[in-house]
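Please model the complete structure; the sequences and the hints are all you need to start from.
Okay, here's what each chain looks like letter by letter:
2 protein chains.
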Amino acid sequence: MPVNAVGRFIPEELGGRKLVPFKGAFKSKPSGYKGRTKISYHKPGKSKIKRSIEDAIKATGLKSGMTISFHHQLRNGDWIINMVMDKIAKMGIRNLTLGSRALFPVHKPLIDHIKKGVITRIESSMNGPVGAAVGQGAMLPNLAVLRSHGGRGRAIQADDLHIDVTFLGASEADELGNCNGVHGKSAFGPLGPAWVDYQFADKVVIITDNLVPYPATPISIPGTHVDYVVQIDALGDPGGILFGTTQITRSPARLLIADYVVEFLRSSELLKDGFSFQAGAGGISLAVTKFLGDYMRDENITGSFAVGGSTKFVTDMLEEGTIRKVLDAQCFDTTAINSLRDNPDHQEISSDIFGNPHTKGCVTHVIDAAFLGATEVDTDFNVNVVTHSDGMLLHGIGGHADAAAGAKITFIAMPLFRKRIPVIRDKVTTVVAPGETIDVVVTERGIAINPRRKDLIKKLKDRKDLPITTIKKLKQEAEDLCGKPEPPQLTDEIVAYVEYRDGTVIDTIKKVKA
Amino acid sequence: MPVNAVGRFIPEELGGRKLVPFKGAFKSKPSGYKGRTKISYHKPGKSKIKRSIEDAIKATGLKSGMTISFHHQLRNGDWIINMVMDKIAKMGIRNLTLGSRALFPVHKPLIDHIKKGVITRIESSMNGPVGAAVGQGAMLPNLAVLRSHGGRGRAIQADDLHIDVTFLGASEADELGNCNGVHGKSAFGPLGPAWVDYQFADKVVIITDNLVPYPATPISIPGTHVDYVVQIDALGDPGGILFGTTQITRSPARLLIADYVVEFLRSSELLKDGFSFQAGAGGISLAVTKFLGDYMRDENITGSFAVGGSTKFVTDMLEEGTIRKVLDAQCFDTTAINSLRDNPDHQEISSDIFGNPHTKGCVTHVIDAAFLGATEVDTDFNVNVVTHSDGMLLHGIGGHADAAAGAKITFIAMPLFRKRIPVIRDKVTTVVAPGETIDVVVTERGIAINPRRKDLIKKLKDRKDLPITTIKKLKQEAEDLCGKPEPPQLTDEIVAYVEYRDGTVIDTIKKVKA
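Chains A and B, in that order, give the protein sequences.
Throughout the first sequence, residue numbering follows this note's numbering, covering 8 to 521 in sequence.
Throughout the second sequence, residue numbering follows this note's numbering, covering 8 to 521 in sequence.
It is worth saying that the hints were derived from the structure and are not from the lab.
It cannot be assumed that every hint is accurate.
Copies of the same chain look alike in the list, so a pair counts if it works inside one copy or between any two.
[Claimed, not checked] With a Cα cut of at most 20 angstroms, we get these calculated SDA-like pairs of lysine to any residue:
| hint | residue 1 | residue 2 |
| --- | --- | --- |
| 1 | K41 | D171 |
| 2 | K57 | K97 |
| 3 | K41 | A165 |
| 4 | K50 | G31 |
| 5 | K367 | Y48 |
| 6 | K50 | P37 |
| 7 | K45 | H169 |
Laid out in structure tokens, this is it:
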């Protein structure tokens with residue numbers, strides 16, 4: 008088993024696939040061709056409308072052993088995945104690969120499909136119980152593959168993940184399948200993250216609760232690529248889109264972290280006209296966005312754009328002219344959804360445009376700053392966002408690794424410990440973003456600059472108002488306060504692996520002991 | 008030489024390619040895969056900006072024998088094709104296939120490149136002198152291939168026309184190549200017709216006279232697919248977009264034709280809420296659009312959408328709510344360009360979405376009515392739009408064959424004779440749209456319904472206000488008035504062939520005698 012560039016042992020083969028060990032954030036150059044797609048035909052006048060999800064599944068020719076996918080735009084409010092999987096299970100189809108973008112706690116019923124062999128492989132982010140079950144071995148001997156948004160785009164494009172049938176929810180669609188996510192009672196925002204699915208899947212099913220007269224516009228997904236359209240009562244619970252923290256933190260310690268990030272940024276020479284950033288939807292990220300907006304407005308700085316999950320805090324900046332554009336692959340609140348619908352400077356983008364490294368240039372490769380979180384960071388600045396320190400697989404990667412790799416400065420903003428467990432470790436439980444892509448770790452008790460960034464260390468050395476320290480001292484301080492954390496209790500069985508955005512393998516995830 | 012379904016002899020092979028004879032408008036079902044495209048990579052931070060067109064050409068690795076393409080959105084105001092071809096010629100590159108969308112009179116300098124062997128094959132519509140020169144044998148023994156908009160999309164998608172390098176003008180672009188055609192001094196409207204070029208070409212060069220800070224939005228072509236960006240002083244003459252008739256005809260005879268079309272349509276049961284149509288930019292088409300809009304407004308009919316080249320007459324209908332949407336692949340005037348930029352119900356579409364038959368459903372397959380012109384029609388209702396009766400190759404196909412094939416009712420609206428030459432013939436000089444796709448020929452002296460449309464004949468038999476007659480009687484009337492027209496003076500040498508939208512060959516074009 009070779010050791011990869013972040014010191015992890017990667018099996019040469021796993022689940023019948025040869026793995027290529029991670030070599031460095033930009034060390035693997037792609038070659039070859041994109042996956043081929045079949046030339047299609049639709050007999051004019053023939054209806055694409057299927058009366059039920061079951062009829063649509065039958066029409067696609069879905070068979071045991073195939074791969075299906077869904078988008079995750081409705082997040083924890085999504086009812087489509089459960090509905091479709093229930094029908095598939097009842098139809099006796101087994102041994103499917105679930106190649107979704109992400110799963111949420113609402114998708115807990117999938118655990119039953121895993122146990123019954125309906126789903127035997129998952130290539131998807133998993134937030135919550137499905138990940139926990141997979142981490143506890145529920146799918147063994149079969150594996151899960153975790154990818155970032157850009158990495159998923161790459162994998163589908165390269166046919167590493169070939170999708171036989173994709174089922175895509177749309178909040179507005181017409182009878183030919185032209186559709187979008189900005190109109191209708193279940194509006195969720197961009198469908199861009201599903202573009203790679205419709206472009207490369209053999210069969211495309213659009214599921215909508217809002218079938219409108221042709222043509223539905225804006226056309227996010229064109230009917231030229233849609234096989235069937237199904238109308239149902241409701242895509243899900245729009246409230247569930249707001250899953251996760253979408254409120255600014257009220258914790259004084261976390262507000263302090265956000266304040267440190269913005270203060271640090273002021274010394275970096277990036278925070279000037281044309282500044283661009285990746286914003287997340289966590290409590291600290293929202294506070295950073297808010298403080299950043301306040302600072303830029305006060306200083307008359309006009310930023311270039313924000314990318315990533317969009318929120319009211321970002322669209323407020325757009326409305327007031329503090330930034331010129333928003334590039335959007337995921338809306339986290341209703342204000343953002345309405346902004347995408349109404350503001351021409353709010354642009355829908357795909358996962359490829361967002362962060363696929365095997366394109367002629369993606370957005371995350373040109374951003375100035377990324378404000379990211381972590382479940383753990385280690386003294387080599389490697390970052391974990393998928394497992395907790397107890398080894399439990401509970402989160403997806405999102406755009407984390409994509410933004411970290413591309414941003415001129417990447418911040419990990421996080422408290423020094425959670426529930427009295429230190430989050431800076433000698434070795435993170437799972438490496439998701441390599442330390443070479445992380446520049447600054449900001450906690451309420453100190454700020455550690457990656458030693459690779461001598462420029463930043465030099466620039467910040469006179470900022471007496473910022474608690475600049477080293478990652479090792481931060482780790483020690485946490486352990487002095489909370490004690491050394493227990494190592495996770497893991498078996499030797501691999502339940503999943505983390506594919507870096509370029510298709511190499513950066514880490515494996517072991518089954519947690521029962 | 009087999010005879011195809013419209014009675015034309017098609018060689019089994021021509022210019023080294025096997026030809027498949029036309030079998031019928033919807034008889035050929037596609038199989039196989041779309042053309043493969045290479046997986047790309049762009050080193051973050053590396054500039055795509057090239058200082059000159061020459062530098063960009065060099066960077067693409069363009070070599071003799073390759074295929075290049077351009078879009079035609081600037082129409083007769085385009086300076087890009089001539090600029091790029093001049094540089095290519097000076098660099099000593101020869102034997103190129105020009106796979107453009109369309110050429111206009113402004114591109115007359117290409118004739119020199121043809122004569123010097125820089126261009127040895129053309130797969131493009133040709134309006135004016137380049138077509139005339141090709142028709143007179145200037146490129147022999149090499150050939151031209153003529154396709155409709157949808158047919159071109161099909162050919163590129165199927166890799167029948169593989170584009171090595173595409174040079175695409177954009178009226179606004181950023182340094183990564185994200186671009187559009189709606190902002191800037193050279194705004195021309197949709198870039199959708201070039202989507203198939205950027206999606207399938209090996210190398211993509213964006214040429215702009217308006218380089219803006221990243222990100223340029225709306226993103227019509229994404230930087231993920233762009234290799235190089237070149238800034239020049241001006242893309243062309245925006246006034247040249249208005250090439251061709253973009254004014255309503257003032258001829259009483261032609262106004263009468265337009266009036267007959269709308270009157271006829273009233274009997275067809277299509278002209279009700281939800282009505283959709285393809286509108287052209289010829290003088291009669293504009294009059295039809297105007298009269299149609301007036302009628303629909305007076306009768307409180309709310310149409311569904313208009314598609315095709317958009318004009319003020321169409322966008323006026325959109326503004327006042329007479330139609331709900333405009334689907335746009337080409338703007339013909341400034342009002343339409345501004346509407347595409349500002350009105351969210353005015354949707355940019357690609358050639359594939361417009362009329363590619365080898366997709367899962369295109370717009371032209373769902374339109375109610377198409378209002379089209381012709382250079383000639385024959386007694387089998389076959390239509391010619393590319394050559395004149397003297398055999399001169401002077402026009403492109405545009406979306407003609409795509410709209411005719413799909414529309415529930417296709418009108419050919421034209422005067423019975425031009426310059427005292429009858430335009431209804433026993434056999435058209437060149438078949439472009441097969442008679443099976445044409446329903447009604449409307450002239451100022453009579454209206455002929457295709458005998459296949461027994462339903463229309465029955466419905467219209469009591470309309471004493473319309474001069475319903477037969478195509479043969481119309482032909483006779485024209486010949487009685489003007490005399491029987493001379494047959495074109497043609498040699499046996501084939502200079503071009505017309506590929507039907509499904510990839511089969513519907514006709515060949517012979518060299519005209521000098």
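For each hint, the structure was consulted:
| no. | hint | verdict |
| --- | --- | --- |
| 1 | K41 x D171 | both (16 angstroms within a copy, 16 angstroms between copies) |
| 2 | K57 x K97 | within (18 angstroms within a copy, 58 angstroms between copies) |
| 3 | K41 x A165 | both (5 angstroms within a copy, 15 angstroms between copies) |
| 4 | K50 x G31 | between (49 angstroms within a copy, 14 angstroms between copies) |
| 5 | K367 x Y48 | between (30 angstroms within a copy, 5 angstroms between copies) |
| 6 | K50 x P37 | between (38 angstroms within a copy, 12 angstroms between copies) |
| 7 | K45 x H169 | both (12 angstroms within a copy, 17 angstroms between copies) |
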